[in-house]
Amino acid sequence: MVLVELPEWAALAPMLLLAGTALALFVIDSISPRSTNRTILAGTATAGSLAALAVAVWFTAAGVGAPGMDGFGVIELFDGQLIVDQMALYFMIVVAVVTALVSVASYDYMEGHAYQAEYYSLVMLAATGMATMAAANSLVTIFIALELASLPSYALVSILKDNRGSVEAGLKYFLVGALSSAIFVYGISLVYGATGFLQLDAIAVELEALAAGDGGDFGGLLGLGILMLIGGFAFKTASVPFHFWAPEAYEGAPAPISAFLSSASKAAGFVIAFRVFTTAFPLDVTTELIGVDWTVAFVILAVVTMTVGNFAAATQDNVKRMLAYSSIGHAGYALIGLAGLGAGSETVMGAAMMHLLVYGFMNTGAFLFVGLAEHWGVGRTFEDYNGLAKQAPIACAALAVFMFSLAGIPPFGGFFSKYFLFTGAIEAGLLVVAAALVVNSALSLYYYARLVKAVWIDDPVVERDSLSQPTGLYAAIVFAAVMTVVLLPGFGPVVDTALDAAAVVVA
Amino acid sequence: MEGVFNYAPAIAVFPLVAFVVALAFGNYLPKKGAIPGIIATGGSLLLSALMLAAVASGEVYHETLYEWAIGDATSATDVTGIEFTFGILIDPLAALMLVIVSLVAFLVHVFSLGYMNAEGETGLPRYYAGLGLFTFSMLAFVYADNLLMAFMFFELVGLCSFLLIGFWFRTKSAPSAAKKAFLVTRFGDYFFLVGVVAIAATFGTLQFAGDDSFVAAAQTAIDDGTTLFGFDAQTWVTITGLLVLGGVLGKSAQFPFHTWLPDAMEGPTTVSALIHAATMVAAGVYLVARMFGYYALSPTALAIIAFVGGFTALFAATMGVVKDDIKQVLAYSTISQYGYMMLGLGVGGYVAGVFHLMNHAFFKALLFLGAGSVIVLMHHEQDMWKMGGLKEKAPVTYWTFLAGALALAGIIPFSGFWSKDEILYDAFIVGLEEPIILAAYAMGLVAVFFTGFYTFRMVFLTFHGEPRSDAAEDPHPIGWSIKAPLIVLGVLAVVAGAANLAPVYKLTGLEFTFLESWLDGEYGAIEGVTYGAYAELAHYDSGFIGTEETTVLIAAGLSLLLAFSGAGAAWKLYNVPEPVVYRDRLGRIGDVVEANYYQDEYQVWLAEGLTLPLSRAADRFDQTAIDGAVDGVSTASLFGSDRMKRLQTGIVTNYAALIVTGFIVLLLVLGYAGGWFI
Chain E
1 MVLVELPEWA
11 ALAPMLLLAG
21 TALALFVIDS
31 ISPRSTNRTI
41 LAGTATAGSL
51 AALAVAVWFT
61 AAGVGAPGMD
71 GFGVIELFDG
81 QLIVDQMALY
91 FMIVVAVVTA
101 LVSVASYDYM
111 EGHAYQAEYY
121 SLVMLAATGM
131 ATMAAANSLV
141 TIFIALELAS
151 LPSYALVSIL
161 KDNRGSVEAG
171 LKYFLVGALS
181 SAIFVYGISL
191 VYGATGFLQL
201 DAIAVELEAL
211 AAGDGGDFGG
221 LLGLGILMLI
231 GGFAFKTASV
241 PFHFWAPEAY
251 EGAPAPISAF
261 LSSASKAAGF
271 VIAFRVFTTA
281 FPLDVTTELI
291 GVDWTVAFVI
301 LAVVTMTVGN
311 FAAATQDNVK
321 RMLAYSSIGH
331 AGYALIGLAG
341 LGAGSETVMG
351 AAMMHLLVYG
361 FMNTGAFLFV
371 GLAEHWGVGR
381 TFEDYNGLAK
391 QAPIACAALA
401 VFMFSLAGIP
411 PFGGFFSKYF
421 LFTGAIEAGL
431 LVVAAALVVN
441 SALSLYYYAR
451 LVKAVWIDDP
461 VVERDSLSQP
471 TGLYAAIVFA
481 AVMTVVLLPG
491 FGPVVDTALD
501 AAAVVVA
Chain X
1001 MEGVFNYAPA
1011 IAVFPLVAFV
1021 VALAFGNYLP
1031 KKGAIPGIIA
1041 TGGSLLLSAL
1051 MLAAVASGEV
1061 YHETLYEWAI
1071 GDATSATDVT
1081 GIEFTFGILI
1091 DPLAALMLVI
1101 VSLVAFLVHV
1111 FSLGYMNAEG
1121 ETGLPRYYAG
1131 LGLFTFSMLA
1141 FVYADNLLMA
1151 FMFFELVGLC
1161 SFLLIGFWFR
1171 TKSAPSAAKK
1181 AFLVTRFGDY
1191 FFLVGVVAIA
1201 ATFGTLQFAG
1211 DDSFVAAAQT
1221 AIDDGTTLFG
1231 FDAQTWVTIT
1241 GLLVLGGVLG
1251 KSAQFPFHTW
1261 LPDAMEGPTT
1271 VSALIHAATM
1281 VAAGVYLVAR
1291 MFGYYALSPT
1301 ALAIIAFVGG
1311 FTALFAATMG
1321 VVKDDIKQVL
1331 AYSTISQYGY
1341 MMLGLGVGGY
1351 VAGVFHLMNH
1361 AFFKALLFLG
1371 AGSVIVLMHH
1381 EQDMWKMGGL
1391 KEKAPVTYWT
1401 FLAGALALAG
1411 IIPFSGFWSK
1421 DEILYDAFIV
1431 GLEEPIILAA
1441 YAMGLVAVFF
1451 TGFYTFRMVF
1461 LTFHGEPRSD
1471 AAEDPHPIGW
1481 SIKAPLIVLG
1491 VLAVVAGAAN
1501 LAPVYKLTGL
1511 EFTFLESWLD
1521 GEYGAIEGVT
1531 YGAYAELAHY
1541 DSGFIGTEET
1551 TVLIAAGLSL
1561 LLAFSGAGAA
1571 WKLYNVPEPV
1581 VYRDRLGRIG
1591 DVVEANYYQD
1601 EYQVWLAEGL
1611 TLPLSRAADR
1621 FDQTAIDGAV
1631 DGVSTASLFG
1641 SDRMKRLQTG
1651 IVTNYAALIV
1661 TGFIVLLLVL
1671 GYAGGWFI
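Those protein sequence lines, which keep their order, are chains E and X. Going by my numbering, 425 is the number at position 425 of the first sequence; the sequence numbering is gapless. With the second sequence counted from 1, adding 1000 to any position gets you my numbering.
No lab work stands behind these hints: they were computed from the structure. Quick reminder that beta carbons are idealized off the backbone N, C-alpha and C, glycines included. Just so you know, not all the hints are guaranteed correct.
[As the list claims (entries may be wrong)] Facing chain X, from chain E, some residues (calculated, C-beta under 8 Å):
#1 179
#2 182
#3 185
#4 188
#5 192
#6 193
#7 196
#8 224
#9 231
#10 242
#11 244
#12 247
#13 434
#14 438
[As the list claims (entries may be wrong)] Using C-beta positions, here's what the derived DEER-type ranges look like:
#15 1649/X to 468/E: 36 to 44 Å
#16 163/E to 1649/X: 53 to 61 Å
#17 1647/X to 482/E: 32 to 40 Å
#18 1171/X to 492/E: 47 to 55 Å
#19 23/E to 1649/X: 40 to 48 Å
#20 1084/X to 468/E: 27 to 35 Å
[Claimed, not checked] If you only want the chain E side, here are some residues facing chain X, beta carbon under 7 Å, derived:
#21 20
#22 24
#23 220
#24 311
#25 397
#26 400
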């Protein structure tokens, strides 16, 4: 095992590689300002994210973060401010995959746009922030990482400076984000006030001490703090009621950025929620202190989020907006992972992690298809998409795969992760949540199938010229589709990894 | 001789190859697929005869050839694991049946040259492919060594009959008849399938023979007094046996599933010969004989078989009396004759039942092919009232047909007499002790009269008297491909009875009971599937009037007397130059009989009057209640969706307000629950 000889900080390599790539892009930009050499820029970004992906996969396979004889154990850095365990690596993989797909797709999408170098470096910086979120183990690092992910995102949403929608969306995103950050940081201060610690393990130790002793005085304070933290996570994961930014930001942003935000950013929001609530606030102790089971908050959020997302998506005319709401609905599904922790079941959290990985492919792919449609300039509504399959059968077949997988139809990956979520919810005794999952999935099939019907069955409203086949977008879409399909036979390792990672964190 | 069994699979595979060849290349072959069919069935016949010889030399064959699924379920009798296999069982019964089936199939193929090819039919490759598949299915069914395999080929036989009955699919009646045959037999097969599953679940095996057969397991269960599924073992054996019997009644056209068979006359006459003599209809009775050990365990099941058989024999015979179409008469005679076989098997007369199955195969194939020959002569006219006087113009057809008719009517010394008499004798001696069997016997006995009557009515109307139409004046010539099969079968119809001259043995002690010793395993057999073993299982009491000899004489005399009076009545009424229709003199009874006792009507009513309204009601419920609920859900969802969309106003201050409101609501809920505000 070569890894033993590497210094401990090398465990952060995926994150450092992403940061390095961002810096490299700055260097390129300063050498040749306003460069429009898309090959070099997109190539660098892709290479950097693929390198981060490779290292993260390698670490996972080699057993970094895995406990026991064949692993290297959980690696804590900087007095536990950062931590590299299986869950951190798992989410770094998700972030790196989405970043790579987005970089490849942007090669075509950003053709002819200004600020190319800035675009890619912002993507890489945001990715760095998300990867850091995966590894953050203290409320301070979590906040910094969250802001590192958020600030470039605001800029990225409004990067189409000549486009009113893009600029407006960016501003709204920023304002809602600022509000949410304020709530979040206030929550941190309240938790600090109640416990006196910011490092997650230390908070847990202190809570136990408080529960054992006579620490009940700060129960309400602590509870409010925890609720405000939930608000911060809800913003990042686009959960109700902090979801208002999502439909407009996703619609206004360049499609690859929508894909990036709805997949990677959401996953990163979930990883900090998972880590904070499993590490810092052990359920029994916290319940004793604040008088209420915090999973109740997630049960409510999960049901409301999936219902609002899916219902609002059902009658949208605009495809991108439909996908934005569907992305909110999926945040609701993933929230089951936290809602189900009450019953002490790590299966359900593992299921949520699987869902986020599969989602990283199918949702990114779906948004990239929208990007492809924008690249063609066919329009934004369902009707505009009518009959696309006759001209672009491959991309439309991939779209059908994404849609059916998002709806949770076998044999695609989305079916399995949703199935595990469903069984997990039932095991955890959350029958209401399980029922909501089924009802919403059924409803979601309606609008997903509508899109498939539009491209495959309906006849075009207007005659179109022949459509180009941009290499980068096509490659990213086809790869995402293939992954959505082959994740099924290859689900074994994913399931094991996700369950192991969840088990380590929950235990 | 043992090595010869290695070729056993080829018996069934030959016709399968012929099927493929006829289907793929039929259009390019000189006789459109007839030649491969003849070669294949000829090969099967040869191999079957070899098997017969091998069994005669004391060998039997019981091998599992292919195991296609293994389950690890535990049966009700604690057998762990069940194997689903394809295997071959060749014992005296199977070897005999193989020869019968392949012989009839071979002759039918030869006959088809004259009946189909010479008449310029179209679609011949399809016809010969169907014949090939039919023969394949039946042969594989005959030597199946387990019930599931038997069921599969039983179904395949049903499919083939569907294809062949509907051969002239452009007419209106043939497809309808094919559908009817398929649906009615399928209705019976449904019970069969349930029975197969029940037997598999009970005993964990579906083998017909050997120590690990379900028959042996059932016997052990009865001996041990095991309780199976809440019933005592014997009751359960009766229930499962009767379920399987559902398939038998459907295929062998026993009451009340007989309605498909007369309609099946819409198929080519050669197909009718094959269906009635050796394949489809024979399959049902053969299955009872094949698993006779199982039925022998249940007196109730046997009594039901006997009674249904006796009733069907009489019931169908009366309907045969009033038919004007030569093929219809034969159709009802088939139903009636299979009723006799069921009666024979039901009273424990295993040898008698199988004997009649064999004789019937020969004389019924003969009669159908003879009828086919008549139809060719008559330029495809089937109404007997338009025939007459064919005796001189077609002597070969006449004399062979007459031999078949004598056998069918049960006139001594033709083959049908010996087997029918043995059945009635067996029923009689058991009936002396068991009233219900006596009733079955009485019906069988009365049916003898009607059999004699309708058979000779048919003969006289067709061949005797003056020609009653232009076609009968000037018949179409027939070739040797038609005559040769008739002669072969005609000879068999005369002499086949010699296989088992039971009355002669009982009266004189001369050992003319070759078939009985054959089925009793004196040459070679598998233990437990012999006549002797069955006789021990089925403990029927039997009585005699006086001595055995007098009983034999009384039984034979009675049936002969009735057969002769039936034939004589027909002679009196119809063997005249210008016969007249006597139907009107029957009055109301005649109407009822002519309408086939309204059997079709009530079955159609069951479908249209009962099932259809029920389905309509279910459909209406589905359309209104279920669909309404579904539509309501979707309307409500879309309405909700519309409301939900309006939350997104586009104004960022609204968003901030909503976020804070939402957050505060959550805070109030949790804070109230957690008691934070105290």
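Hint check:
1. Satisfaction of the interface hint for residue 179/E is found here, the shortest Cβ-Cβ separation to chain X being roughly 6 Å, below the 8 Å cut-off.
2. Because the beta carbon of residue 182/E sits about 11 Å from the nearest beta carbon in chain X, more than 8 Å, this interface hint is broken.
3. Among the interface hints, the one on residue 185/E is violated; its C-beta lies about 15 Å from the nearest C-beta in chain X, farther than the 8 Å criterion.
4. Contact between residue 188/E and chain X, as hinted, is not supported at the beta carbon level, the nearest pair being about 16 Å apart and thus beyond 8 Å.
5. Taking 8 Å as the C-beta contact cut-off toward chain X, the hint placing residue 192/E at the interface is violated, the least distance being around 18 Å.
6. For the restraint placing residue 193/E at the interface with chain X, the shortest Cβ-Cβ distance is roughly 14 Å, beyond the 8 Å limit, so the hint is violated.
7. At its closest, the beta carbon of residue 196/E sits 20 Å from a beta carbon of chain X; the interface hint therefore is violated under the 8 Å criterion.
8. Using the Cβ-Cβ criterion of 8 Å, the hint placing residue 224/E at the interface with chain X is satisfied: the shortest such distance is roughly 7 Å.
9. Satisfaction of the interface hint for residue 231/E is found here, the shortest Cβ-Cβ separation to chain X being roughly 6 Å, below the 8 Å cut-off.
10. Annotation: interface hint on residue 242/E holds; nearest CB of chain X at approximately 6 Å, less than 8 Å.
11. A least Cβ separation of about 4 Å between residue 244/E and chain X falls short of the 8 Å threshold, and the interface hint therefore holds.
12. With 8 Å as the threshold, the beta carbon of residue 247/E comes within range of chain X, its nearest partner Cβ sitting at about 6 Å, so the hint holds.
13. With a cut of 8 Å, the hint placing residue 434/E at the interface with chain X is violated, because the nearest CB-to-CB distance is about 18 Å.
14. The criterion of a C-beta within 8 Å of any C-beta in chain X is not met by residue 438/E, whose closest approach is roughly 13 Å, and the hint is violated.
15. For the pair residue 1649/X and residue 468/E, the beta carbons lie near 38 Å from each other, so the given range of 36 to 44 Å is met.
16. For the hinted restraint 53 to 61 Å between residue 163/E and residue 1649/X, the CB-CB distance of approximately 21 Å leaves it violated.
17. Between residue 1647/X and residue 482/E the Cβ separation comes to about 37 Å, which falls inside the hinted range of 32 to 40 Å.
18. A beta carbon spacing of about 59 Å between residue 1171/X and residue 492/E contradicts the range 47 to 55 Å that was offered as a hint.
19. For residue 23/E and residue 1649/X, the hinted distance range of 40 to 48 Å is satisfied, since their beta carbons lie about 41 Å from each other.
20. The beta-carbon spacing between residue 1084/X and residue 468/E, approximately 57 Å, falls outside the hinted interval of 27 to 35 Å.
21. The beta carbon of residue 20/E is not positioned within 7 Å of any beta carbon in chain X (closest approach about 36 Å), and the interface hint is therefore violated.
22. Proximity of residue 24/E to chain X is violated relative to the hint, the smallest CB-CB distance being about 36 Å (cut-off 7 Å).
23. Given the 7 Å rule on beta carbons, the hint for residue 220/E holds: about 3 Å separates it from the nearest Cβ of chain X.
24. Restraint check, residue 311/E versus chain X: the minimum CB separation of about 4 Å is within 7 Å; hint holds.
25. A hinted interface residue such as residue 397/E counts as satisfied when its beta carbon comes closer than 7 Å to some beta carbon of chain X; here the least separation is about 28 Å, so the hint is violated.
26. With a cut of 7 Å, the hint placing residue 400/E at the interface with chain X is violated, because the nearest CB-to-CB distance is about 22 Å.
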